[in-house]
Amino acid sequence: MQALRDITFEVKPGELFGLIGPDGAGKTTLFRILTTLLFADEGTASVAGMDVVGDYRDIRKAVGYMPGRFSLYQDLSVEENLDFFATIFGTTVEENYDLIKDIYIQIEPFKKRRVVALSGGMKQKLALSCALIHKPKVLFLDEPTTGVDPVSRREFWDMLKRLNSTGITVLVSTPYMDEAELCNRIALIQEGELLVVDSPENIVANHTDSLYKVAAKNTYMLIKDLKDFKGNKSVYAFGEFIHYTHSNSDFSEERLGEYLEAKGHEDIKIVKARAGIEDVFMALSEKKGTEV
Amino acid sequence: MLRPWMRCSKNWRAMWNNFKSKFLGTNFKRFMGFVKKEFYHIFRDKRSMFILFGMPIAQILLFGFAITNEIKNVNIGILDKSKDSETIHITNRISSSPYFKIKNIVSSEQQIEAIFKKGQVKAVLVFEKDFGKNLKSTNLANVQIISDATDPNTANTVTNYIQSILQDYQREINLGIPGREPIEVRSRMFYNPELKGVFNFLPGVMTVILMLVSAMMTSISIAREKEQGTMEVLLVSPLKPLQVIIGKVFPYIFLSIINAIVILLLGFVVFGMPVQGSYFLLALETVLFILCALSLGILISIISKTQQTAMMISLMGLMLPIILLSGFIFPVSSMPWPLQAISNIIPAKWYNLILKGVMIKGVGLRFLWKETLILLGMTVFFIVLSIKKYKIRLE
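If you read the sequences in order, they're chains L and S.
For the first sequence, the working numbering gives the first residue as 756, with consecutive numbering after it.
For the second sequence, the working numbering gives the first residue as 3, with consecutive numbering after it.
Chain L extracted, bound-state conformation:
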């Protein structure tokens, strides 16, 4: 199976770059190629100016990598894990303590505790500390917030921002579209192909389809009826609203309202809204689907 196809992108030094796409889109494969763990069948890639195939040794010294699956030693304590990673990268915890201080200080009270007994959020912080302890030039974080509670997610992104501001280039992958706005630039990935690479603001601004949020009492019937409405382009549920776009310009909120009323819907709400990253993603992946 081909996991990735025709991928070209560039991350500028010091950027916080997000790779955003659903499960199975190829994010992990892409990260593994960039961290020299897998060979690409074709093409070239370089990280921090070094080729991922020829200079893999140097890349392994220069990058920090936090795999999607938690991968620290469960039977070692917090402190022992951190020490171990510092040692194998030829440094010490003291030497780079400033870099991890903000993060590590939160788990330091538990430094004698074995990792197996830590909470998910604490494990995440420790994993990040371990990936950072050798002061990498580029930091790869594969789905660091998957399975983490909303508060810890927020905290984690704050930490990433702070790290990024110290000059470390950060590549982070996530299936959560709402995390896109927290990146400097993002790439949307779907079924092994990049849909778009740009800043989140530009991506949203370049999206011209006008979007309407529609709600009514019976959501299930509403989706069905909107899909039957002549000229519809896309209809999908998004939280409590249905996001609706129309394929041509001869659209008015009144006409849709009348149509829905005639269908017997109650409490109809139609609001024009600004498209978010997820709307763009849906539109782009649908467009790609029709092209193929």
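Quick caveat, the hints were computed from the structure, so don't treat them as lab data.
Note that CB positions come from ideal geometry on N, CA and C, so glycine has one too.
With beta-carbon atoms standing in for the labels, derived distance ranges:
id, chain 1, residue 1, chain 2, residue 2, range
1, L, Arg868, S, Arg15, 34 to 40 Å
2, L, Arg868, S, Glu196, 54 to 60 Å
3, L, Asp830, S, Lys363, 43 to 49 Å
4, S, Ile325, L, Asp857, 55 to 61 Å
5, L, Asp830, S, Met313, 16 to 22 Å
6, S, Met313, L, Pro768, 42 to 48 Å
7, L, Asp857, S, Val289, 46 to 52 Å
8, S, Thr308, L, Lys982, 42 to 48 Å
9, L, Phe794, S, Met313, 27 to 33 Å
10, S, Arg15, L, Thr921, 39 to 45 Å
11, L, Asp830, S, Phe67, 31 to 37 Å
12, S, Thr308, L, Glu936, 37 to 43 Å
13, L, Val808, S, Thr28, 23 to 29 Å
If the Cβ cut is set under 10 Å, some of the chain S residues that face chain L in the computed set are:
id, residue
14, Asn29
15, Arg32
16, Lys38
17, Asp47
18, Gln230
19, Ser239
The calculated DSBU-like cross-link candidates involving lysine-lysine, where the alpha carbons are at most 30 Å apart (straight line), are:
id, chain 1, residue 1, chain 2, residue 2
20, S, Lys393, L, Lys878
21, L, Lys867, L, Lys916
22, L, Lys856, L, Lys916
23, L, Lys816, S, Lys38
24, S, Lys307, L, Lys816
25, L, Lys1018, L, Lys988
26, S, Lys38, L, Lys856
27, L, Lys916, L, Lys890
28, S, Lys242, L, Lys892
29, L, Lys856, S, Lys31
30, L, Lys856, L, Lys890
Start from chain L and add chain S according to the hints.
Just chain S, lined up with the frame of chain L:
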């Protein structure tokens, strides 16, 4: 005036530090950090600790005390149809030996099967009628030994022991009477005159345990890194493949040597197993076998993706053949030729031969060079194959 080597020894610490920083430096620290982590894994895992230290002691004691062909205090019965001074004399001799206890005196043939069925005795000795009279007049008297062959080994041994007591007795009464001296068979058991079981099982158990500790534990420990995902992080680090492999193996070399010493000490202190040959040669051969087993363990771990696979390959692919085909339990020479051929590719067979040679026969390298070379060859083969198969990337 100091000779050069004395100056060296005086400043050895400085020289060592110099050597460390020049040739080893951060690489050495990296390696030591890795070894430290491995020791944490081993000492914190109860299962590992049990396999490492509980099992060798338990196995040696089990084999030593429970699984043995030697007989002691075996219950036997007597059916004496003659009841003369000769039969009473013989009966007393048997009961005064440490091997037998006379449990039943039966009065008829019919009773014999009954006491066998109850499991009261292992054998019954039957004297014919007029035993003493026949013996005096013709020097020919009949006895019958009936034994319970449910356990063939014991039956055999019991029969042999009773026979030799009877022969001793006959020789004594014929002493000095010309023409009545039978052919005397004097057997002498070389290397193990008392036919102690420990001479056979101790080298065998040592082989099995060293193989288990070295091959199985190493293979599981590398497979564990793969399974837990930590291999992914280790690969994206400046650690070289060789550092990872040697770092994994190093603690087990150390622990295997301790194990070997514990087994030899137990054998000597508890069972009186001596080492006839050179201790130095024994140590060298043991280290060679440990290295061979470790390199096999690495090879297994490189092939297997999960701890379970590694364990299955080690147990099914290593333990069974070692126990069955290494000559530890069944002699290789009495196997059918296909099995004999297979036994040749098992490192444990060669180490078992070496161990018996050094410990029991006390022979030197002059007689064991072939076995040693084979082990050495196997070790090199496993190492080369492992390095070729080691993946510096994910599969």
